[in-house]
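Visitor: Each chain, letter by letter, is given below.
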Amino acid sequence: MDTSPTSPPASAAARWKSFGSRERENLRKSLRKYRWLYIMLIPPLAYFVVFQYVPLWNAQIAFKDFRPLLGVWGSPFTGFDHFITFFHSYYFSELISNTLIFSFLKLFVGIPLAVILALALYETMFLRFRTIVQTIAYLPHFLSWVIMFGVLLMLLSPGEGLINAVIKANGGRPIAFLTSPEWFRFVVVASDIWKETGWSTIIYLAALMAIDPTLYEAAAVDGASRFHRIWYISLPGILPVVAVITMLRLGHILNAGFNQIFILYSLPVYSVGDIIDTWVYRQGILEFQFSLATAVGLFKGVIGLILVVVSNRLARRIGGAGLY
Amino acid sequence: MRIRIKSWDDLVFQILVNGFLLTVLLVVTIPIWRVFIMSITPLAWAEGTSLGLWIPPGEWSNEAYKQLFNHPAFLQAATNSVIITVGGTAINLFLTVPLAYALSNENLPGRKFLVTFILIPFLFHAGLIPTYLVVQKLGLVDNLLAVMLPGAVSVYNTLVMKGFFEGLPEELKEAARLDGANEVQVLWHVILPLSKPILLTIGLFYAVSHWNEFFNPILYLNRADLQPLPVLLRNILLAANINEYLDYDAFARAPIAAFKAASVFITMLPMVIVYPWIQRYFTKGTLLGAVKE
Amino acid sequence: MSKSLSKFFLIAVAAAMILTACGPTATPEATEVAVETEAPADVVTEEPTPVPMEPAELEIWVSGRVSEAGPPPEDWVAYQIIQDELLIDLELVLLPSSAGDQDTKINTAAASNSLPDLFFVSRDTLYDLVQVGLVAPVDDLLPLMPVRTETHYSDPNRNALVTFDGQMYGLPDPGQIPMTDGLVIRQDWLDALGLQAPTTLDDFMTVATAFTFDDPDGNGQADTYGFCAFIDGSGLSNMGLGPRFNFIYGAYGVAGVWNLNSADEFGLNARDPRFMEATQFIRSMVEAGVIDPDWPTLSKDDFRAGWKQGQCGIMSENFAALANRSNYAAFDENNPEGEWVVIPPPVGPYGDSSEGVIIQTARIYAVSQRAIDEGKGPAIARLLEWMATDGYMLMAFGEEGVNFNLDNNGYITLEGIDPELAWNTSAMQPLTQLANMVYIFTDVELQARYQSHTSLNGRTIEPLAFLAGFSEQPWTEATGSAIINPPANAADFTRFYSENLVQFVLGQQDLNEETWAAFLEGLDSLGAADLEAVAKQDLIDAGFLR
Numbered sequence: 001m002d003t004s005p006t007s008p009p010a011s012a013a014a015r016w017k018s019f020g021s022r023e024r025e026n027l028r029k030s031l032r033k034y035r036w037l038y039i040m041l042i043p044p045l046a047y048f049v050v051f052q053y054v055p056l057w058n059a060q061i062a063f064k065d066f067r068p069l070l071g072v073w074g075s076p077f078t079g080f081d082h083f084i085t086f087f088h089s090y091y092f093s094e095l096i097s098n099t100l101i102f103s104f105l106k107l108f109v110g111i112p113l114a115v116i117l118a119l120a121l122y123e124t125m126f127l128r129f130r131t132i133v134q135t136i137a138y139l140p141h142f143l144s145w146v147i148m149f150g151v152l153l154m155l156l157s158p159g160e161g162l163i164n165a166v167i168k169a170n171g172g173r174p175i176a177f178l179t180s181p182e183w184f185r186f187v188v189v190a191s192d193i194w195k196e197t198g199w200s201t202i203i204y205l206a207a208l209m210a211i212d213p214t215l216y217e218a219a220a221v222d223g224a225s226r227f228h229r230i231w232y233i234s235l236p237g238i239l240p241v242v243a244v245i246t247m248l249r250l251g252h253i254l255n256a257g258f259n260q261i262f263i264l265y266s267l268p269v270y271s272v273g274d275i276i277d278t279w280v281y282r283q284g285i286l287e288f289q290f291s292l293a294t295a296v297g298l299f300k301g302v303i304g305l306i307l308v309v310v311s312n313r314l315a316r317r318i319g320g321a322g323l324y
Numbered sequence: 001m002r003i004r005i006k007s008w009d010d011l012v013f014q015i016l017v018n019g020f021l022l023t024v025l026l027v028v029t030i031p032i033w034r035v036f037i038m039s040i041t042p043l044a045w046a047e048g049t050s051l052g053l054w055i056p057p058g059e060w061s062n063e064a065y066k067q068l069f070n071h072p073a074f075l076q077a078a079t080n081s082v083i084i085t086v087g088g089t090a091i092n093l094f095l096t097v098p099l100a101y102a103l104s105n106e107n108l109p110g111r112k113f114l115v116t117f118i119l120i121p122f123l124f125h126a127g128l129i130p131t132y133l134v135v136q137k138l139g140l141v142d143n144l145l146a147v148m149l150p151g152a153v154s155v156y157n158t159l160v161m162k163g164f165f166e167g168l169p170e171e172l173k174e175a176a177r178l179d180g181a182n183e184v185q186v187l188w189h190v191i192l193p194l195s196k197p198i199l200l201t202i203g204l205f206y207a208v209s210h211w212n213e214f215f216n217p218i219l220y221l222n223r224a225d226l227q228p229l230p231v232l233l234r235n236i237l238l239a240a241n242i243n244e245y246l247d248y249d250a251f252a253r254a255p256i257a258a259f260k261a262a263s264v265f266i267t268m269l270p271m272v273i274v275y276p277w278i279q280r281y282f283t284k285g286t287l288l289g290a291v292k293e
Numbered sequence: 001m002s003k004s005l006s007k008f009f010l011i012a013v014a015a016a017m018i019l020t021a022c023g024p025t026a027t028p029e030a031t032e033v034a035v036e037t038e039a040p041a042d043v044v045t046e047e048p049t050p051v052p053m054e055p056a057e058l059e060i061w062v063s064g065r066v067s068e069a070g071p072p073p074e075d076w077v078a079y080q081i082i083q084d085e086l087l088i089d090l091e092l093v094l095l096p097s098s099a100g101d102q103d104t105k106i107n108t109a110a111a112s113n114s115l116p117d118l119f120f121v122s123r124d125t126l127y128d129l130v131q132v133g134l135v136a137p138v139d140d141l142l143p144l145m146p147v148r149t150e151t152h153y154s155d156p157n158r159n160a161l162v163t164f165d166g167q168m169y170g171l172p173d174p175g176q177i178p179m180t181d182g183l184v185i186r187q188d189w190l191d192a193l194g195l196q197a198p199t200t201l202d203d204f205m206t207v208a209t210a211f212t213f214d215d216p217d218g219n220g221q222a223d224t225y226g227f228c229a230f231i232d233g234s235g236l237s238n239m240g241l242g243p244r245f246n247f248i249y250g251a252y253g254v255a256g257v258w259n260l261n262s263a264d265e266f267g268l269n270a271r272d273p274r275f276m277e278a279t280q281f282i283r284s285m286v287e288a289g290v291i292d293p294d295w296p297t298l299s300k301d302d303f304r305a306g307w308k309q310g311q312c313g314i315m316s317e318n319f320a321a322l323a324n325r326s327n328y329a330a331f332d333e334n335n336p337e338g339e340w341v342v343i344p345p346p347v348g349p350y351g352d353s354s355e356g357v358i359i360q361t362a363r364i365y366a367v368s369q370r371a372i373d374e375g376k377g378p379a380i381a382r383l384l385e386w387m388a389t390d391g392y393m394l395m396a397f398g399e400e401g402v403n404f405n406l407d408n409n410g411y412i413t414l415e416g417i418d419p420e421l422a423w424n425t426s427a428m429q430p431l432t433q434l435a436n437m438v439y440i441f442t443d444v445e446l447q448a449r450y451q452s453h454t455s456l457n458g459r460t461i462e463p464l465a466f467l468a469g470f471s472e473q474p475w476t477e478a479t480g481s482a483i484i485n486p487p488a489n490a491a492d493f494t495r496f497y498s499e500n501l502v503q504f505v506l507g508q509q510d511l512n513e514e515t516w517a518a519f520l521e522g523l524d525s526l527g528a529a530d531l532e533a534v535a536k537q538d539l540i541d542a543g544f545l546r
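Protein chains in written order, with this note's numbering: chain A, 1 to 324; chain B, 1 to 293; chain C, 1 to 546.
Any given hint might turn out to be false.
Unchecked claim - Examples of chain C residues lying across from chain A (beta carbon under 8 Å, computed): (1) Gly100; (2) Asp128; (3) Asp294.
What the hints assert, rightly or not - DSBU-like cross-link-like pairs, simulated, lysine-lysine; straight-line CA separation at most 30 Å: (4) B:Lys137 to A:Lys33; (5) B:Lys112 to B:Lys66; (6) B:Lys196 to B:Lys173; (7) A:Lys33 to B:Lys196; (8) B:Lys162 to B:Lys112; (9) B:Lys137 to C:Lys105; (10) A:Lys106 to B:Lys162; (11) B:Lys196 to B:Lys162; (12) A:Lys33 to B:Lys6; (13) B:Lys112 to A:Lys29; (14) C:Lys300 to A:Lys168; (15) C:Lys105 to C:Lys300.
Unchecked claim - If we take Cβ atoms under 8 Å as the criterion, some of the chain C residues that face chain A in the derived model are: (16) Ala111; (17) Ile231; (18) Asp292; (19) Thr297; (20) Asp492; (21) Glu499; (22) Val502; (23) Gln508; (24) Gln509; (25) Leu526.
Please keep in mind that the hints were generated in silico from the structure rather than gathered at the bench. We treat Cβ as the ideally placed atom computed from N, Cα and C, and that holds for glycine.
For reference, chain A alone in the conformation it holds in the complex:
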């Protein structure tokens, strides 16, 4: 890397010169060969520059005391103050651990369940039944969390909830599922899985559809059992998709589901329910501390980056396909 920033054109020219003529020729060739691909890339890359990278440039307010009248550039520099404010905030460690617990539970319970459901849908011999289950299983995705809260209250409320009615009928004491710290996490994870599992099978199902059916036929001829065929053909067939999705979810590990928690949590369960994003909303957006909110966003990105890089290495080492 050239380190003299004063003369970038000269250094670029110098680099170009030091480039062997054969390499130069190769580069020119491949640029010509792939020119249509590069042309195709112009609109999407322009999108990324305008709507992702310019905002990221604006995200420098994380290191500044953002003043709307002075603009992004003109606001006074504060360094890492906002990050430190966040790290030193009263509930910091609790926020981090709550966020991680929710994320990992949703990830490691949700993905296997979705894969199992996709396999079951793929394997059932009743096609019409499959269509019905599939369509119905997608529907909860369309319930907003506001409505979900109503549904959960109907199921779980200690006063009139369906489940508590059953408990009471059997002589038990009603359980305040939504307001007791022991149950709240379970409710959050279970309701998320109920809502999203059906929908997330789409992607696995599409991957299963892409598996060459002749593989199954060959295996059947070899006398492989159904379970064996799943284990040796279906699962390896969708593993790359599972790996990619897992890695992407790891990249967003510190997003534990703002919309859900925001609706479901209440004062008695803040200690197990409050997550980074709900805190940022209360402290950053509503209290007009945008620099703080942006700083926390960048912090989340750093953690995500680390996890993606590590998991990508791991996936490669195990022999799977990486993200890049």
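Following the hints, complete the assembly by docking chains B and C onto the known chain A.
Guide: Using the frame of chain A, we list chains B and C on its own:
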């Protein structure tokens, strides 16, 4: 039928599979049925009577639906939602497909750099204000494009689609290239016809998120005649929350819970209509059939 | 056929009721709560010598009176008048319904320095916007709108809400009528169980227990609760369990979050040992099971669904939410014999009682600094002044002769009005979306907005009678707490305070002197003492503390 029961092994397997699916069906259906019952509950029943899973059909009330459909802004809002969904999804696919296709070409010089280039914004969200500043500077406030453009490419969807393209047989592309087709032509004539399942899947992902979107419209659209359906429904429902000074009777004809529930079904309706049509493409061998042609 | 007949009948009854209500025997208790101003229609007499008007374009963001009804139509008669007579091209934007959405929208617009010319804003957000210099002082605008200043902006308490460093940074319109929420009890349940209305906290517990366990509705099911409430309110002036529990703290002499009795006593009420005792009392109610066990998660909606269903024996509720026809109908259908009556707040062990705190609120309209820089100040004042004078009736009730008529005493009547065009039908709501910008709670307004109606079994339900009943109770004045500015860690501070109180009450934490001391220590580690010191000075400066 494509599978015949030939052995005990098959039978056990099918019992397990279908038993599991039946369980899923029940676990999902019961609460949704309850939401439906809520939506047709007449005022006199209020909510909560017994377990709330049954109301005799004679007593069903369609007041909540009637009131929502009859809202003066309903038609306008639904139209806006359709525009946002169709237009937004078109933009999404127009940007996502070429990106995914280019990235799926293992030999493309600079590919690694490009993947990194799109992964960085995926990991580092600039956040609410930095993005708002850009949209506002571009003069997109009060323009439906402000709702469609800022999230026009989902990295998640792009990488999933890229994975699909990578799985397509390389020989097909090579054959076309040898016939003198450029990459645009290869994509258009060879790849896309094979990619209906993934295009529909990703298209559906995008469409659903546009259809349900309420946050960006609230932020970027000031004019009332631009608001999409979720914003209208949200305003109606949240208004019920603060109706202490309502001195007219819009909410006097059905329980508030019925309005909430009815709005769910109104939002789900297009999906229920569109899905079976898409379902046709989700069958085994779509790919194979195309490859053989 | 029969439907339209009954509709006609209802309207006829309503019209007749309004007529009787507005006659010379108009309910005297209603006039008491009315803000003491003349009906604005009378004030319109003298106008200052007209200053030459500069044409202007104004964009204003307001919260509609009935937010689900949509904005006024494009051919709204008011647009034409504002254009022709005031030379103002008005662009009107209705803010989203929820307070959180409103704050987010205004904060983002503020961040990009693209705030509209005039906008509705919460007091806490206004404080933030003043800090960053986006909002202009309005002192210079007040002389340009003499009538409005007289009728809307001359209450020193409300003005204090928007005053920073001696300048007014917003226009504090009357927010709510004070003392709107109070304790009510199911008289029919008392009668069914042969009980008397409670007067002390002990009685209160006895009645609540009987309401919970003795099947007051006689349906053979354990589906009733003595007391219903939910966690209402937030922010530094309402944190903790919120206003719906305030009467219990009032019984111990410590209603509200802050002690505003005097400069010497000022501080968090939680520092007073009686505050812990009151919390203990609420805990004992929870333990006895006399509160609806869902209370910590309930929203206002859910809470209201509960009493409408007939689950609640005692509660603190807003008079209009309780008794306005639109709200009462569901309760009436489910409980035709149900009857709510006002009871005084129970008296505690030291002889104290209070219904709750009076915190005067304002609907604040702020003027952006940009609008002032662009010379739009006079146009804004012109518009607001017109709304308070010539435009008042049009804003509040629509067109006279089309949407409403005035009777001989100057009260609103629907006589001679096409029932479909009446100002209070749902179809006409878009026409009065700006009413909150002009309401000043005159008797004419109150009579029109909170009409008496007849229940299914023929009783007369008078919302204004409930309001009058509440305002006769003892209350604790605490308007000053609204000007306590949030500290930098406001979200953590309010969470800590509220969360601990809820945990104490629910039994998730032991409640004794030791744990209480730990709670107070925790508050101090979050900066409670500093907050108190700063707040005290602000309150003294604003004249709320002596």
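Visitor: Determine for every hint whether it applies to the structure shown.
Guide: How the hints compare with the structure:
1. Gly100: holds, 7 Å
2. Asp128: holds, 4 Å
3. Asp294: holds, 5 Å
4. B:Lys137 to A:Lys33: The given pair, whose Cα atoms are some 38 Å apart, is violated under the 30 Å limit.
5. B:Lys112 to B:Lys66: violated, 55 Å
6. B:Lys196 to B:Lys173: holds, 17 Å
7. A:Lys33 to B:Lys196: holds, 27 Å
8. B:Lys162 to B:Lys112: Roughly 13 Å between the alpha carbons, so the hint for Lys162 of chain B and Lys112 of chain B holds.
9. B:Lys137 to C:Lys105: Measuring from Cα to Cα gives roughly 16 Å; hence the hint holds.
10. A:Lys106 to B:Lys162: holds, 25 Å
11. B:Lys196 to B:Lys162: holds, 14 Å
12. A:Lys33 to B:Lys6: violated, 53 Å
13. B:Lys112 to A:Lys29: holds, 19 Å
14. C:Lys300 to A:Lys168: Holds, at about 27 Å.
15. C:Lys105 to C:Lys300: Holds. Lys105 of chain C to Lys300 of chain C sits at ~23 Å (cutoff 30 Å).
16. Ala111: With a closest approach of 5 Å, the Ala111 of chain C hint holds.
17. Ile231: Constraint on Ile231 of chain C satisfied, holds at 6 Å.
18. Asp292: With a closest approach of 6 Å, the Asp292 of chain C hint holds.
19. Thr297: holds, 5 Å
20. Asp492: For Asp492 of chain C, the interface hint holds, since the closest Cβ of chain A sits about 4 Å away, which is under 8 Å.
21. Glu499: Hint on Glu499 of chain C: holds, closest Cβ of chain A at ~5 Å, below 8 Å.
22. Val502: holds, 4 Å
23. Gln508: OK, holds: Gln508 of chain C within 8 Å of chain A, min 7 Å.
24. Gln509: violated, 10 Å
25. Leu526: For Leu526 of chain C, the interface hint holds, since the closest Cβ of chain A sits about 6 Å away, which is under 8 Å.
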